[in-house]
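**Student:** Given the coordinates of chain A, assemble chain B onto it according to the supplied hints.
Here is how the chains run, residue by residue.
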Amino acid sequence: MSIPLIELAGIERIFRLGDSEVHALRCLDLCIAAGEYVAVMGPSGSGKSTLLNLLGLLDRPNAGTYRLEGRDVTTLSAEEQARVRSERIGFVFQSFHLVPRLTAAENIALPMILAGIAPAQRAERVAHALRDYGLENRSGHRPDQLSGGQRQRVAIARATVMQPALILADEPTGNLDRATGEEVMRLLEELNQGGVTLMVVTHDASLGARAQRQLLMEDGALQHDRWRSSETAADQCARPT
Amino acid sequence: MRTPDLIRFARDAATGSPLRTFLLVIAMAIGVAAVVVLTALGDGARRYVLNQFSSIGSNLVIVLPGRSQTGGFNPGNAITSTPRDLTVDDAQALRRASAVHRVAPLAVGTSEISVGGKLREIMVAGTTAEFIEVRRLTLAQGRFLPPGDWRRGLSEAVIGASIRDEMFGREEALGQLVRIGDRRFRIVGVLASTGQGLGMNTDELVIIPVALAQAMFNSNTLFRILVEATSRDAIEPAKTQVTEIIQLRHEGEQDVTVITQDAVLATFDRLLGTMTLAVAGIAAISLAVAGILVMNVMLVSVTQRTAEIGLLKALGATGATIRNAFLTEAAMLSVAGALVGFALGQAGAAIIRQLYPAFPAFPPDWAVLAGLGTALTTGILFGVLPARRAARLDPVQSLSRR
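Read top to bottom, the protein sequences are chains A and B.
For what it's worth, numbering that gives the first Met the number 0 labels the leading residue of the first sequence as 0, then goes sequentially.
For what it's worth, numbering that gives the first Met the number 0 labels the leading residue of the second sequence as 0, then goes sequentially.
Since the hints were made in silico from the structure, they are not lab data.
None of the values given here were measured: they were computed from a predicted structure.
In this text, a Cβ means the ideal position worked out from N, Cα and C, and glycines have one as well.
It cannot be assumed that every hint is accurate.
[Claimed, not checked] Here are some of the chain B residues that sit facing chain A, going by a computed Cβ distance under 8 angstroms:
{"no.": "1", "residue": "M0"}
{"no.": "2", "residue": "R1"}
{"no.": "3", "residue": "F8"}
{"no.": "4", "residue": "A306"}
{"no.": "5", "residue": "E307"}
{"no.": "6", "residue": "L310"}
{"no.": "7", "residue": "G318"}
{"no.": "8", "residue": "T320"}
[What the hints assert, rightly or not] Facing chain A, according to a computed beta carbon distance under 7 angstroms, are these residues of chain B, among others:
{"no.": "9", "residue": "D4"}
{"no.": "10", "residue": "D11"}
{"no.": "11", "residue": "G15"}
{"no.": "12", "residue": "A313"}
{"no.": "13", "residue": "L314"}
{"no.": "14", "residue": "G315"}
{"no.": "15", "residue": "A316"}
{"no.": "16", "residue": "T317"}
{"no.": "17", "residue": "P394"}
{"no.": "18", "residue": "V395"}
Just chain A, with the same shape it has in the complex:
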């Protein structure tokens, strides 16, 4: 891989709470190659979720550049960012975020509906996804008729149905018991083995340990990067924070 999937340079994210400024991310440089399996860990408020939101183009940095597949996406318009999200990025959330009035199949089809994919192709891909995730006999059920594990499987099916290059999972097992959590992680890891880049935010050290690469965040900065030699130090950042 000549071009890394994700390249962050000098990323700053500052939130204003009243008069005070909170540096959610400071001087963040990060490089992730396609196909990596990265766990982002750290205490609450360390900037994990902010990092994930930035990577998912749900949030914009105050400074720095973000290149996705070699393309600077920080300068894109909101509409263009939405397209990148639609085509390249899949989200898996802790609380699943399924639309309660839609059936499992309809929830899975939602990204394709938003992208304007033809109904015939949609049906085919939904059927495929239902089969892949063992949800065939659950396709007509609404989220409140599904178990937690099934819900997260629907959410993963939804995240992958557009065949994204990057899957961002924010505490994907946080609302699940250990056994179902294990099952969900295995699904995600299978996807990663299929070539999809996987980033998992987690509190759980044992879960984080499964990843090939672990990022430890603290106070909005990268404390520890266990994949490479620790050269991605904060001192490369030109400006003092």
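**Tutor:** Just chain B now, with coordinates in the frame of chain A:
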């Protein structure tokens, strides 16, 4: 997002919260139904009055004594102008006008009719043979006053239907001698019952020759002169000719008022048309209220569905897509409400027509179109603000809401 998907998505979102949708549709429906029913009432009143007026007679020009002043009060008038009365000679003179087909003088007063010991107060109309044609009256029995010299008259009377019933009951009225005032008359005809109507109630009328009526009331003035123009187009020339003739006869002074039935009709038409419009305007307020309700409910919906909106954005929905989804939903609710309201309004108008068959309560087309149009416009217009708010939501904050 494809249009069918957009519509299905909006439909699912609307049916996803049935109570909210139901209340909104009802609010919109009440607004539209109010417009339809109220304009049906207003327009029905207009048509009812027009029908009543045209039943008085067609191509009618009415001459009344005295000038209706439009120039304000003139002190000179107070001293000099005592209006000349209309006389039978005036009426006879009008027969010479080319645009005039028939003329009927009318002298009116109250008197008493007595027969076989029964006594009753009545309204007496003194007129001539042509009155029955000019006023489009029909006879139930016998014949009308015979044509002849207006200055004389046989002691013959034509009575209204209810007077016949009250004075004679089951007995034969025709040929009976009655006393009206201080004279004796022979009854030669009975008018057909016309029921309640505008103007003079002919059921309670006794018609005698004009000469005898004037003698009875000891005056030589007329209450009205009814003129029938030769055709509808001749109404205006007839009016001009009548005015000129009377002016000539009254030493150049315009001391009569000539009104045409059309002018009266037009005035009523305008009046009641304006009333219908005003009523429609009032009803439109309820539509505006419904529109604000749409906005309110949609705003609540945006708040309730914040997490969903955040999710849609994460899944790649653009702001435009989300705005369209909410606008479509607002539009669909408005359309549904407008259609339901249209049906309700038509049903309401139909019920009114059932209850009062004489009252033509049909909503005018313009009101129906305006009602539906306003419903859609307000619904969509008031849907814009919530839709824009939804489109602008910050996905990160929206997602963290749940």
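**Student:** Confirm or reject each hint.
**Tutor:** Right, here's what the structure says about each hint:
1. M0: Since the shortest Cβ distance to chain A is 6 angstroms, the answer is holds.
2. R1: holds (5 angstroms)
3. F8: holds (7 angstroms)
4. A306: holds (7 angstroms)
5. E307: holds (6 angstroms)
6. L310: holds (5 angstroms)
7. G318: Nearest chain A Cβ about 6 angstroms off; hint holds.
8. T320: Holds. Min distance 6 angstroms.
9. D4: Hint on D4 of chain B: holds, closest Cβ of chain A at ~5 angstroms, below 7 angstroms.
10. D11: holds (6 angstroms)
11. G15: Given a least distance of 4 angstroms, the restraint on G15 of chain B holds.
12. A313: holds (5 angstroms)
13. L314: For L314 of chain B, the interface hint holds, since the closest Cβ of chain A sits about 5 angstroms away, which is under 7 angstroms.
14. G315: holds (2 angstroms)
15. A316: holds (5 angstroms)
16. T317: holds (4 angstroms)
17. P394: With a closest approach of 4 angstroms, the P394 of chain B hint holds.
18. V395: Holds, because the Cβ-Cβ distance from V395 of chain B to chain A comes to roughly 5 angstroms (cut-off 7 angstroms).
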